[in-house]
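Undergrad: Got chain A sorted already, so can you dock chain B onto it with the hints?
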Amino acid sequence: MSEVETPRIGVFVCHCGHNIAGVVDVDKVAEVAEDMPYVVFSTHEMFMCADSGQELIRQKIKEHNLNRVVVASCSPRMHEPTFRRVVEEADLNRYLFEQVNLREHVSWCHMRQPVEATEKAIDLVRMSVARAAKLEALPIKKVEVTPRTLVVGSGIAGLTAALDIADRGFEVVIVEKDKVLGGAVAKWTHLFPSDQIGEQVIEPLIDRIMRHEKIEVVRDSKVVNFEGYIGNFEVTIQNNPTGAERTYKVGTVIVATGFEPFRPIGYYGYGESPDVVTLAELQEMPRQYELFKPSDGKPVKKIAFIGCVGSREPGTKGHEHCSRHCCSAVAKAASDLRQRCDEVLVLYQDIRTYGRGHEEMHRLARGRNVIYSKFPPDQKPQVTIRKGKVRLNWFDVLSEDHLQFEPDLLVLASAMVPPSDIEETANLFSLTRSADGFFNPEHIKLAPLTTHTAGIMIAGAAQAAKNAHESAIDASGAAAKAVGLMARGKVEIESTVAQVIPELCSTCYTCVSACPYGAISIDKDAKPQAARVTEAKCHGCGTCAGGCPSSAIVMLHSTDDQILAMVEAYLCTPQEVTGGNA
Amino acid sequence: MMTEAKATIVTENDWEPRIVAYCCNWCSYAGADLAGTSRIQYPPNARILRVNCTGRIKPEFILAALDMGADGVLVSGCHPGDCHYTSGNLKARARWALMEQVIEQAGVNPKRVRLQWASASEAQIFADGVRALVEQVKELGPIVREWK
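Residue numbers (the numbering used here), protein chains in the order written: chain A, 2 to 583; chain B, 2 to 149.
I should point out that these hints are in silico values taken from the structure, not numbers from a laboratory. As the structure is a computational prediction, the values presented were derived from the model and not from experiment. The beta-carbon is built from N, C-alpha and C at its ideal position, and this holds for glycine as well. Among the clues, some could well be false.
Take a look, some chain A residues computed to stay more than 10 Å from chain B by CB distance [stated by the list, open to error]:
(1) 105
(2) 248
(3) 266
(4) 342
(5) 434
(6) 435
Facing chain B, a subset of chain A residues (Cβ under 7 Å, in silico) [as the list claims (entries may be wrong)]:
(7) 117
(8) 121
(9) 124
(10) 547
(11) 551
(12) 573
Looking at chain A on its own, in the form it has when it is part of the complex (with noise of 0.2 Å):
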């Protein structure tokens, strides 16, 4: 609106190694770039997000006085952060910065179409180029980072992560849903590769946790409503039994609620006896030295667990993932019955003890003849259940043979699932599920605890089937990340927000209706009346611009001007008007 200035616009060509350069012409991308409007350099190289690439378009803002850079490279979801600071070290402002995504969306998707992808590419470059001529310079903001997390949840992962916290001079407050703290690690018996039970593992963590000036814990409560932006959250407790609600303000968030054992209903015989019973019930089962059959309570003699329940079944939504912990689980607490039952047997389709110490478990319990028998994965075990009597018949992998065994208790190590309110807390904390159905990180590998809500980060399970081992590092690394937020103090937020035009309002009511965080509202007291936005309340979604009949709000940053301006660019070229009204 302001912008005075001619763009003048630099492009950036990105081969990302073979990744792009494999199938996009970038030669020629960057050719037909330096006839586009405005642009007055344009060149491609091996990796922009390489030092070597960074200080390139450092260099050429400098020398071209470039006051516009377009990159055209991954996804800006991947590395607009980088290219944003690139250009601010240039001393241009970061939202004059405009990524082209030619990798995930161009070469990866039409590998074997370089003709078309190149086309695409040179269209996607142009609609940036176009884009990048309007962009303004916006204002970077500052808030301050309350300096209080909440962490949800006290498993492993968030009892740790809150002590990690309050050890360095920061307020937590933890709210856990159960009466107790803990979570299952609390619970389970056969903890695996140490010899402890969950108890001896969590009650220190608890003790510490409960002596801790730094922290408050609330018990038997939920959060049942979620506001505002990174450092300046304000988050509602409920009390489950009494239904009292209390409001506290916190900076940062660490979201950790674990997982919740599959209940195999219609996988061999769940349900249809007392003698078959998940691994998680196995380890949640009074600690005794003798093992009772839940049906008559008689000595379990003869044992057997099966594999993989609910877990790697291709093509099953929730239950195609390798839930992780199963394995070595199934291990230690073969081995550790092995000294109280006569006959242990463990059906497996795979076997897969990766982490420290678990390949030894493993060797224990065979060791302690444990019996491992590998069944096809197309061909279940059969479990029949007959006067109440469990009987498995299954064909052995390695000797090519159709056995049969009729345990005491059969167990079923079945998959770690997100638990029953898990679309509850997604919705709460604005956070994105995986297809496994739990949270998704901001990046698997770049970013794996921070989420793509800034100032809320993710630990254990919630992330994805983990151990109680890797939950505990999650949480010390998420942590981290929160106590840098807050040690900071003050954090940038995006400038971009919705601004209204006051002249062109009708205060017809539309944009305070579509805005789903209250941020908008009519100023009665201004002359005439118009909307306003408080923009700390804004999350720049621009629903209310979407719905404004009068075009009469301004979405920085993306602008109906910069939106069109790419769709014109696009199909309204010279070469092939084909009725637009450019």
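TA: Just chain B now, with coordinates in the frame of chain A:
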């Protein structure tokens, strides 16, 4: 009322549909990223524009694209109930119903536009959606501007 004429000028051999695809940043744009990461191959006809939320998409953006000669327009966002901004996609859905009627009255076959939900993990659904629209538009032929 004007009706859209069947393609006559361009033969099917040298014509490929031009598709404008508006994708929300959090679900469908990420889903399209995952399609790439997973090397899922789909027709190269769509040009993706990133918006924060499908709620940002003015009906005018769809009409303008058709007006400028897009053969089809795809809008792809988070599943209802799964919106990064809680409810922006619900507004998009509500506007869509009206917008479809408007384009039909303008003489454009509503099969040229497609609204779909594809989450960040639904790369295949995203890719299938692009393919479905491209095939549908191919059957209709190039858009011919007969409205004023």
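Undergrad: None of the hints should be skipped; say for each whether it holds.
TA: Evaluation of the provided hints:
Non-interface call for residue 105 of chain A relative to chain B: violated, since the shortest CB-CB distance, roughly 3 Å, does not exceed 10 Å. Interface exclusion of residue 248 of chain A from chain B stands, the closest Cβ pair being 19 Å apart, more than 10 Å. For residue 266 of chain A, the condition that its CB be more than 10 Å from all CB atoms of chain B holds, with the nearest at approximately 25 Å. Distance check on residue 342 of chain A: its Cβ is at least 42 Å (rounded) from any Cβ of chain B, clearing the 10 Å threshold; non-interface status holds.
Taking the minimum C-beta to C-beta distance to chain B, about 7 Å, the non-interface status of residue 434 of chain A is violated against the 10 Å cut. The non-interface label for residue 435 of chain A is inconsistent with chain B: the shortest C-beta to C-beta separation is roughly 5 Å, within 10 Å. Because the beta carbon of residue 117 of chain A sits about 4 Å from the nearest beta carbon in chain B, less than 7 Å, this interface hint is met. Against a cut-off of 7 Å between C-beta atoms, the interface hint on residue 121 of chain A holds, since the closest Cβ of chain B lies about 5 Å away.
For residue 124 of chain A, the shortest C-beta to C-beta distance to chain B is roughly 6 Å, which falls under 7 Å, so the interface hint holds. Because the closest C-beta pair between residue 547 of chain A and chain B is about 5 Å apart, less than 7 Å, the hint holds. Taken as an interface hint, residue 551 of chain A does not check out: its beta carbon lies about 12 Å from the nearest beta carbon of chain B, beyond 7 Å. Given hint, residue 573 of chain A at the interface with chain B, holds; its Cβ is 5 Å from that chain's nearest Cβ, closer than 7 Å.
The structure fails to meet hints 1, 5, 6 and 11 from the earlier list, while all remaining hints are met.
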